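**Student:** Position chains B and C relative to chain A; hints supplied.
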Amino acid sequence: MAYEIVMPQLSDSMEEGTLVSWKVKVGDSVKQGDVIAEVESDKAIMEVQSFKAGKVEALTLSEGENAAVGTVIARIAVGDLSEVNREKKETPVEKPMVQQKKAEVQPVKREVLPIQKEYSHVDEKAVMGDTMVSGTASPKAKALAAKYGIDIEKLQEDKKLPKPAHTIDIRRFYESRYFTQKALKALSEYDLSTDFFEKGRKYSDADIVNYIKKHNIPLPEKLSSMQKNIMTTVTAAAQKPVYHIYDSLDSRLLNAYADEKYTLTFWLIKLFSEAIMQHEVFRTTLGSNSMQVWPNASLSVAMANKSALYMPVFKACDTMSIETLYETLKNFKASVKEGRVLSEEMKGSTFAISNLGMMGIERFDAMINGNDCGIAAIGAEKEGKISVTLTLDHRIINGWQGAAFMQTLKTLAEDPLFFKDSE
Amino acid sequence: MMDKSIIEEIYMLMVLGRQFEYAAKEHYMAGDISGFLHLDIGQEALSVAAMKAFDHGDVFTTYREHVMAIARGIEPKAVMAELFGKSTGVSKGQGGSMHLFDPSHFFYGGDAIVGGHLPNAVGCAYARKFQESEQGVLALFGDGASNGGAFFESLNIASAWKLPLLFLCENNQYAIGTKITRVAPFLEQRKKAEPYMRTMEVDGNDALAVYETIREAQSYIQKGHGPIFVEAMTYRYEGHSVSDPATYRSAEEVEIWKHKDPIERMRKVLQERFDYGTSDLEAINKKAQERVDEALVFAKESPEAGVEILYDHVFKEVNHVVS
Amino acid sequence: MLYREALNRAIDECMAIDATVVLLGEDVGLYGGSYRVSEGLVAKYGEKRLIDTPIAELSIVGNAVGMAIGGLRPIAEIMTANFALLAFDQIINHMSKYHYMSAGKITLPMVVRFPQGVSKQLAAQHSESYEQMLAAVPGIHVFAASDVNYAYHALKKAILMDDPVVFIEHELLYNKKGEVDFNADLDPFKARLVKEGKDVTIVSYLKMVDDVMAMLPALEEETGKSYEVIDLQSLNPVDYETLKTSLEKTGRLVMVEEDHAMGGYGAQIVSWVAEKMFYALDAAPLRIAGENVPIPYNRKRELASIPTPEKIKDRIIAWGAENGL
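Residue numbers (numbering that gives the first Met the number 0), protein chains in the order written: chain A, 0 to 422; chain B, 0 to 322; chain C, 0 to 324.
Bound conformation, chain A alone:
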């Protein structure tokens, strides 16, 4: 059986090779691994080996001849695997190294160049030139212009759009073309986008108003800080563990003494102030770790103008003379009318009164304001009685104490001496 040796692929690019020289002749015995020829590729001269042992049967390429990769160049008859005895060759001696002559060492001369101050920066302007030709716009702007049917290039040439154009420019142009100033203002108020309106015609504010009515669009009003405060306050109030006491006061004496100057409100403040002084727990507020008992009665009274509700505080009103109380009440009424109540003036109360009697409300219950221990909701007079609903914080005032307070109020309301002494 013959083992064929082919022209090998010696490099990726090799397609044919030249046989440089044969190292064996026909009839020679070869061992596995023996070099049989030298071949030249496109890159180098390499040795070709026989990978099997045997006898050289034929050499089918001559020295100097070319053959394509894969062509058979020799045939080895694969015989027995017995090893061929090698002739012992002489072990050659290693050649000694050649002595080098020592040369003189010269110091390295390197010229120190002056510092280059001209930086080889690419002159962007020179390279880029004027890239802002008509029609230049950001991709987003182009998309928007296409949507609106706007010709960017023409408008830029007519100086109606800037170069380059951005979405804000496109939008502004579009809006000024199709919407009146008033219409845009209305849109802005109602937080509406111009995109809701069909393209191609002009819109006036009347159109906008119609649209708003038709689609029932609410007018968004941003929350003022006051509104936010109120929300916080009443939310906090709702968290408190409260209970109610429903009762009423005899109105006879109150009506008798109330006049233009010393109004019902005046007398109510006096009444509650006195009752609070008699019931310590109604002068108590709850801190984080302790109850605070206040020496004076500080009462806040709900007062409203057309747009807002205020709770100005009558600080230490038990110590106020009639005149002082009258002045304070008058001043607060004025402040409330003008909406000019300072936040300082609304701090420091322990209890509050809210009166809706003048509106004809028979009875209601109010929500505790801020850190107060309770609030009294006053209703309209009916059959000689004015309704009073107490909302009390059960952490501070228990039912018994609440009832006792209510009793005091009722007693005072029917006590002529109280009214006389107060004058």
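Rather than coming from a laboratory, the hints here were simulated on the basis of the structure. On a predicted model such as this, the values are computed, not experimentally measured, just so you know. Don't take every hint at face value.
[To be verified] Derived lysine to aspartate or glutamate pairs resembling EDC-like cross-links, with alpha carbons at most 16 angstroms apart: (1) A:K51 / B:E316; (2) B:K161 / C:D209; (3) A:K139 / C:D198; (4) A:K139 / C:E247; (5) B:K285 / B:E7; (6) C:K104 / B:E316; (7) C:K47 / B:E131; (8) A:K51 / B:D292.
[Stated by the list, open to error] Chain B side only, calculated, beta carbon under 10 angstroms to chain C, not exhaustive: (9) P102; (10) V136; (11) F151.
Where a beta carbon is used, it is the ideal one built from N, C-alpha and C, also for glycine.
**Tutor:** For chains B and C alone, kept in the frame of chain A given last:
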């Protein structure tokens, strides 16, 4: 005295190794294998005997690893298939000749960066010591690696921390075309290790001597004495790789070494000491050749995975690969 | 807690959970780490797990690779990115490739961590950033921690995951204070929306995020526009999803980074945006990066060579004016 069956196995693997390497070269020339192919022909004694002797530990070696991998127990079929880039290869065709990884045989390649695996071997030895395992680590490298920074760092750390690491220097005197004595102050690389650890020397072409030496070295490191440096002098018949015509060595020098051929010497041992006859030896040769032929057939007929596995195994967990 | 304390806690907890977690590096054991990141750990876990190495960065990472092969879960600490160059062969040729080359047979559950960037007058060889080189390497995840919360969670995840991670820190962030939400389940591959806005998207990472946030109030006031700030956090893979959502809203990109502009990391982000989100853009992207010079020692020039809050603000304003903002 070594067991006869081990000696026969070593001989068989050496013969198989050489046949395998020639077959690989042949198929490289035929275009089935590409890239770099570093052949171990002439160094079989060292490759096989060291692997058989170091039976209880991790092995880190160089890119000239085919015979070592086979001696370690990896199927020649899988190695040849890897060279052919097939999906049945040791590394599914992802690594090639220089990257044969098989943790189940405690064999970790295969590093294309000269000396790059030495710090890895040191780290693995640390892990074995940390785990209080009996296992040590064998790091095989060439004379070329012993001039690099990683080599010296590894000697230093292994001896500072007394790690169970067997440094095995395969000194075949050439790093591609550069003779070791041109770039190192002396031929014997173990001299560099002398300040750090015990050193041993062995004739790399004497398989039995290699076996005994490595056994002793393995025992030494397993007993916790720290690292050890074994230098084996040997020679490769082929160039550094298949694309190297090896013109930097004289034909005479190659002849000198071929006189010390390791397979020849083993054959003599079997004949003279164990009374193996010609037919016994032929039978072994034949069996070896059969396994190589088998491996070739397997490699040729194995399927080749395509682009569909290009992004496989970039990561083990979530494959966050953006193409 | 401090940024370095968050890292310390992450490592501590991982070491407690898994007895194969070890930390190796220069001065990480007895010294407690040159930035105090491993303070107190050697007393808790011993010298076998807090390994003081010689000054041999190639070996620090190379040994870690070997430890991982041998079954440990190593964290290799390199003192600064500048020294990590010596270990790049091990990071790139070994750590990132072994899993792939072995077709999944070798797993390297390891982390390489180091701080980088310009500190204070440490000069050219101690002031570099190499995220651009490492993010370009397939086979490793690259995380950059700016936020203290991310530092804790992402480092923990990096240590406990089975894939190799390069975890990048910054010298000037170690004493940064921040809140850690220990109950969160943070995905380290996601970017962080630092602040919502509607007119411009500012993308950054590492210390530059703080520089951006420092000048932001003044910028918003001066321009009257609102800016959205994104901290990339994961440099590879990139959370393009978050970028896309933001850019669809704003149409404007500003990329802020400390490394040199040439071939810098941000070029990848800008390139992606130009390629994939071109038609959503209302202006050319702005890239603010370091100058293409080695970092000088002199403080004035050092600051001139990298972005600073003032510079970032001025450049955004100038760009905005030219680009219809």
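**Student:** It remains to establish, for every hint, whether it holds in the given structure.
**Tutor:** Tested hints:
1. In summary, the hint linking A:K51 to B:E316 is not supported, as the alpha carbons are separated by about 48 angstroms, beyond the 16 angstroms threshold.
2. The hinted pair formed by B:K161 and C:D209 fails the criterion: a straight-line CA distance of about 46 angstroms is larger than 16 angstroms.
3. The straight-line distance between the Cα atoms of A:K139 and C:D198 is roughly 14 angstroms, inside the 16 angstroms bound, and the hint therefore holds.
4. Restraint check for A:K139 and C:E247: satisfied, since their Cα atoms lie roughly 10 angstroms apart, inside the 16 angstroms limit.
5. About 14 angstroms separates the Cα atoms of B:K285 and B:E7, which keeps this hinted pair within 16 angstroms; it holds.
6. For the hint linking C:K104 to B:E316, the alpha-carbon distance of about 13 angstroms falls within 16 angstroms, and the restraint holds.
7. Taking the CA atoms of C:K47 and B:E131, the gap is near 12 angstroms; set against the 16 angstroms cutoff, the hint holds.
8. Note on A:K51 and B:D292: the hinted pairing holds, with a Cα-Cα distance of about 13 angstroms set against a maximum of 16 angstroms.
9. Annotation: interface hint on B:P102 holds; nearest CB of chain C at approximately 6 angstroms, less than 10 angstroms.
10. Because the closest C-beta pair between B:V136 and chain C is about 8 angstroms apart, less than 10 angstroms, the hint holds.
11. Among the interface hints, the one on B:F151 holds; its C-beta lies about 9 angstroms from the nearest C-beta in chain C, closer than the 10 angstroms criterion.
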